[in-house]
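*Asks:* Please take these sequences and the hints and turn them into a complete structure.
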Amino acid sequence: MQYMADLFEQCGSQTINTRILWDDQVWTMDEANIKYMLVGPGFDWFTKGYWVAERYEAFLGNGIFNRDKAEWHAHRQLARPWFSKTRLSDLNIFDRHTSQTLKIMGSFADDGTAYDAQDLFARFALDSASEFLFGSCLDTLNGTLPAAGKAKLGPKGSAIDDDFGTFAWAFEDIQVQIAHRTRLGNIWPLFELFGDKTAKSNAIVHGWLKPLVERALKERDQDDGKDTFLAHLAKSTDDADSIRFQVLNMLLAGRDTTASVLSYVVYFFCLHPDVMTKLRADVLAEFGTDGRPTLDTLRTLPYMQAVINETLRLFPPVPLNIRLSDDTPRAFPAGDGRRLYIPPGTQILYSTLLVQRNPALWGADADAYRPERWLESDGVPKEPFAFTPFHAGPRICLGKDFAYNEMAFFLVRLLQSFRRFELARDAFLPGTLPPVRWKEGKGRQALEEVWPSSSVTAFIKGGLWVRAFRAGEDR
Numbered sequence: 001m002q003y004m005a006d007l008f009e010q011c012g013s014q015t016i017n018t019r020i021l022w023d024d025q026v027w028t029m030d031e032a033n034i035k036y037m038l039v040g041p042g043f044d045w046f047t048k049g050y051w052v053a054e055r056y057e058a059f060l061g062n063g064i065f066n067r068d069k070a071e072w073h074a075h076r077q078l079a080r081p082w083f084s085k086t087r088l089s090d091l092n093i094f095d096r097h098t099s100q101t102l103k104i105m106g107s108f109a110d111d112g113t114a115y116d117a118q119d120l121f122a123r124f125a126l127d128s129a130s131e132f133l134f135g136s137c138l139d140t141l142n143g144t145l146p147a148a149g150k151a152k153l154g155p156k157g158s159a160i161d162d163d164f165g166t167f168a169w170a171f172e173d174i175q176v177q178i179a180h181r182t183r184l185g186n187i188w189p190l191f192e193l194f195g196d197k198t199a200k201s202n203a204i205v206h207g208w209l210k211p212l213v214e215r216a217l218k219e220r221d222q223d224d225g226k227d228t229f230l231a232h233l234a235k236s237t238d239d240a241d242s243i244r245f246q247v248l249n250m251l252l253a254g255r256d257t258t259a260s261v262l263s264y265v266v267y268f269f270c271l272h273p274d275v276m277t278k279l280r281a282d283v284l285a286e287f288g289t290d291g292r293p294t295l296d297t298l299r300t301l302p303y304m305q306a307v308i309n310e311t312l313r314l315f316p317p318v319p320l321n322i323r324l325s326d327d328t329p330r331a332f333p334a335g336d337g338r339r340l341y342i343p344p345g346t347q348i349l350y351s352t353l354l355v356q357r358n359p360a361l362w363g364a365d366a367d368a369y370r371p372e373r374w375l376e377s378d379g380v381p382k383e384p385f386a387f388t389p390f391h392a393g394p395r396i397c398l399g400k401d402f403a404y405n406e407m408a409f410f411l412v413r414l415l416q417s418f419r420r421f422e423l424a425r426d427a428f429l430p431g432t433l434p435p436v437r438w439k440e441g442k443g444r445q446a447l448e449e450v451w452p453s454s455s456v457t458a459f460i461k462g463g464l465w466v467r468a469f470r471a472g473e474d475r
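With the first letter of the sequence shown counted as 1, position 147 gets the number 147 in full-length UniProt numbering; the numbers rise by one all the way through.
What the hints contain is simulated information worked out from the structure, not anything from laboratory work. Not one of these hints is a red herring.
Derived BS3-like pairs (lysine-lysine); straight-line CA-CA distance at most 25 Å:
1) Lys-35 <-> Lys-400
2) Lys-197 <-> Lys-152
3) Lys-197 <-> Lys-48
4) Lys-210 <-> Lys-197
5) Lys-103 <-> Lys-150
6) Lys-400 <-> Lys-382
7) Lys-69 <-> Lys-400
8) Lys-218 <-> Lys-235
9) Lys-278 <-> Lys-103
10) Lys-48 <-> Lys-35
11) Lys-200 <-> Lys-210
12) Lys-235 <-> Lys-69
13) Lys-152 <-> Lys-200
14) Lys-48 <-> Lys-69
15) Lys-400 <-> Lys-48
16) Lys-235 <-> Lys-210
17) Lys-69 <-> Lys-35
18) Lys-382 <-> Lys-35
Simulated DEER-style distance windows between Cβ atoms:
19) Asp-227 <-> Gly-106: 25 to 35 Å
20) Ser-377 <-> Pro-333: 23 to 33 Å
21) Arg-470 <-> Ala-70: 51 to 61 Å
Glycine is no exception: its CB is placed at the ideal position from the N, C-alpha and C atoms.
*Replies:* Right, here's the structure in full:
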C-alpha cells in the first residue's frame, strides 16, 4: 500500500483505493462498478460534476474534459471530425517529428551521453499534436534540452530555464496544484484564500496560446485552404477564451498521455531487453532498417500492439478518475447481487491502474510486465472494462486511434535505429530514484527502478534518464 501512496503522491494516499463503507464493511469498486458509472443509465447519473470543474476551471475552462451533459456533447461533436479515419491516415506529421527526435537521440548515443527521454518524448508529442491541431508546430524539439548533471527538478520531470522550459514548468505545475486540490477535497479554496495557486502558471500557458488564437480569428475569413482544428474553432465562435480552452484540452491529452506511455515503453525496454529484441526483430522483418510504416502495415505487428497494451495496463496515462452522483438518491449495484445506496452528491474516486493490476482479473502475475499475455487465448480478461486506459463509454478518448498510430509509428522508427537502452542511474536527479524501502515491498514496488508518480497524468519523477545504443554497435 505504501508503494501506491508513493505512486500517487501528488493525489494523496486517501485516494489510492476507491472504497465506500457498507454495512460496516469496506466495499471496493471493481470493473463492473466502473462500467455501471460510465455507460448506460449510470452515465447520466454520474458526472464529473461541479467540484471537479471548479478545480480545473482556470486551466481547462469550458473545454471538453471539464464539462458534462449537453455542453460536453457539443464539444465532442465539434471535435469528432478531426479524429476521423481519413485524417488519421496521414502519417507525415509523425514522420517529420519522429525523424527529428531520433536525430537528437542519435547525437546523444554517439557521445555516450545520458538524456531525459521523458522530456524528449513530451516535446515530440507536443510538436506532433500542435501541428495536427494548428497546422504548424510549436517547434519545441529545436529548443534547449535538459543536460545530465545540469538539469533541475521540475514539478514532474526535469526542467530548464528558457522560454519553453518556463512553459513546460507552468504546464506541469498547474497539474500538480490541481492534484493537490483533489487531495484536500472540497475545502481546497480555504487554502487559496490569498490567491489562486495556479494563477501565475495559467498566465504563462495561456500567454503561449493567445497569439495563435488571435491569428486564427484574424484569418478565419481568408480562403487560404487551411483546414485545422484551430481554424474550425475560430469559424464557430468569436470567443477567444473559449477557443484557447478547447485547444488546451486537446494539447493536454496529446502531450502528456503519449509522452507518458512512450516513456514507460522505453523504461520497460531497459528492464526487459528481451522484449525490445523480440519486437525489433518483428520490425526489421516487416520494414527493414529504413522502411516507412503505413496504417495497414502497422497492423501486421501484433507484438507491437501487445507491448503498447501491456505498458498501458501497468501504467495507464490517467490512473485515477472521479465521478459525482446527481441529486437523486439511488441504489448502485454492488456487483454481488446486493445494491448499495449512494447519497446525492457523493464523490467516487476510482483507479484504472488498480483494476488493470487486479490478480483476480489478470492472474497471479498481474504485476509482471509480460506482453505475451495479449497474444494468449486466456491471457486477457473477457470483461472489456478490465482494460480502460483510454476511458470507456460515451466519453472514451477521441484521440485513442491517433495515440496508437503515433506510438506504433514512432516505435517502429525507434527500433530501426536503436538496439538497446539502459537506465543512466548516474544522471537521475537527487531524490528521484525509488526509496530503498521499496525493495522490501511486494509486487511492482520491489521491481521498480524509477519513481512512478501521478498528478493529472502519470509520469516518472524527475524524468527518465537513459543511454541509447545505435543499431549495429557492438558495445
